[in-house]
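Enquirer: Sequence:
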Amino acid sequence: YSAELNEKLLHGIRVRDLSETETALDAIFQFIREKHLSEDYALTIFIGVISLCLSVVTEQGTTVEEMFGDGFEPYEKIRHMESLEVIHDWFLSFFQTLMDRMKQKRLTKTRALVMQAREHIQVHLQDSMLNLESIANALYVSPSYLRKIFKKELNINISDYIQQTRLQKAKDLLSSCTG
Numbered sequence: 085y086s087a088e089l090n091e092k093l094l095h096g097i098r099v100r101d102l103s104e105t106e107t108a109l110d111a112i113f114q115f116i117r118e119k120h121l122s123e124d125y126a127l128t129i130f131i132g133v134i135s136l137c138l139s140v141v142t143e144q145g146t147t148v149e150e151m152f153g154d155g156f157e158p159y160e161k162i163r164h165m166e167s168l169e170v171i172h173d174w175f176l177s178f179f180q181t182l183m184d185r186m187k188q189k190r191l192t193k194t195r196a197l198v199m200q201a202r203e204h205i206q207v208h209l210q211d212s213m214l215n216l217e218s219i220a221n222a223l224y225v226s227p228s229y230l231r232k233i234f235k236k237e238l239n240i241n242i243s244d245y246i247q248q249t250r251l252q253k254a255k256d257l258l259s260s261c262t263g
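With our numbering applied, the sequence shown covers 85 to 263.
Be a bit skeptical, because a hint or two may be false.
[What the hints assert, rightly or not] Estimated spans, in silico, between C-beta atoms of each pair: (1) Glu-123 with Phe-156: 20 to 26 Å; (2) Ala-222 with Ser-122: 53 to 59 Å; (3) Ser-260 with Glu-217: 31 to 37 Å; (4) Glu-217 with Arg-98: 26 to 32 Å; (5) Leu-238 with Ser-177: 32 to 38 Å; (6) Ser-212 with Asp-110: 54 to 60 Å; (7) Phe-156 with Asp-256: 47 to 53 Å; (8) Leu-258 with Gln-180: 53 to 59 Å.
Keep in mind the hints are simulated off the structure, nothing from the lab. By construction, the Cβ of each residue, glycine as well, lies at the ideal position given by its N, Cα and C atoms.
Construct the complete structure from the given sequences, taking the supplied hints into account.
Expert: This is the structure we're talking about:
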């Protein structure tokens with residue numbers, strides 16, 4: 085099948101668009117049917133599709149084992165399936181699982197980054213230069229990305245969070261001195 089179709093499949097997986105991925109998969113299966121490809125040739129194509137998917141997994145900074153578990157053997161599974169329709173359905177299920185897990189992994193990484201930002205704020209609260217840029221630099225991310233995920237995760241922008249945290253710290257200090 086064409087390199088263009090391969091790119092469409094890759095793009096669909098990367099952006100987690102099941103519809104785009106399914107359209108590309110359908111075109112691959114249509115190619116296999118129209119060309120009356122041998123079982124071995126079709127299996128080679130399927131192995132290529134799986135390899136493409138697994139390359140996206142590693143691009144995401146995770147391992148195949150983390151994403152699918154230790155016993156994941158898609159090549160063997162496909163080799164023993166009895167029809168193109170069964171293989172097609174397996175791929176659809178595989179893509180859905182892959183996209184769901186990629187989304188979970190991304191959310192987990194996002195939450196971890198926001199937690200790191202909050203910890204950095206706590207440690208450097210007295211620093212008058214504490215701001216979005218200094219936190220982003222310390223965490224090796226862009227300020228715009230940190231701003232976006234912080235606001236999305238905590239529903240407050242980072243400068244307001246710093247200000248509120250400083251105010252709360254001051255209140256706590258005052259109450260401990262007078263109390």
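Enquirer: Run every hint past the structure and note whether it holds.
Expert: Now for the hints, and whether the structure bears them out:
| no. | hint | result |
| --- | --- | --- |
| 1 | Glu-123 with Phe-156: 20 to 26 Å | holds, 23 Å |
| 2 | Ala-222 with Ser-122: 53 to 59 Å | holds, 56 Å |
| 3 | Ser-260 with Glu-217: 31 to 37 Å | holds, 32 Å |
| 4 | Glu-217 with Arg-98: 26 to 32 Å | holds, 29 Å |
| 5 | Leu-238 with Ser-177: 32 to 38 Å | holds, 35 Å |
| 6 | Ser-212 with Asp-110: 54 to 60 Å | holds, 59 Å |
| 7 | Phe-156 with Asp-256: 47 to 53 Å | holds, 50 Å |
| 8 | Leu-258 with Gln-180: 53 to 59 Å | holds, 54 Å |
Hint violations for this structure: none, all hints satisfied.
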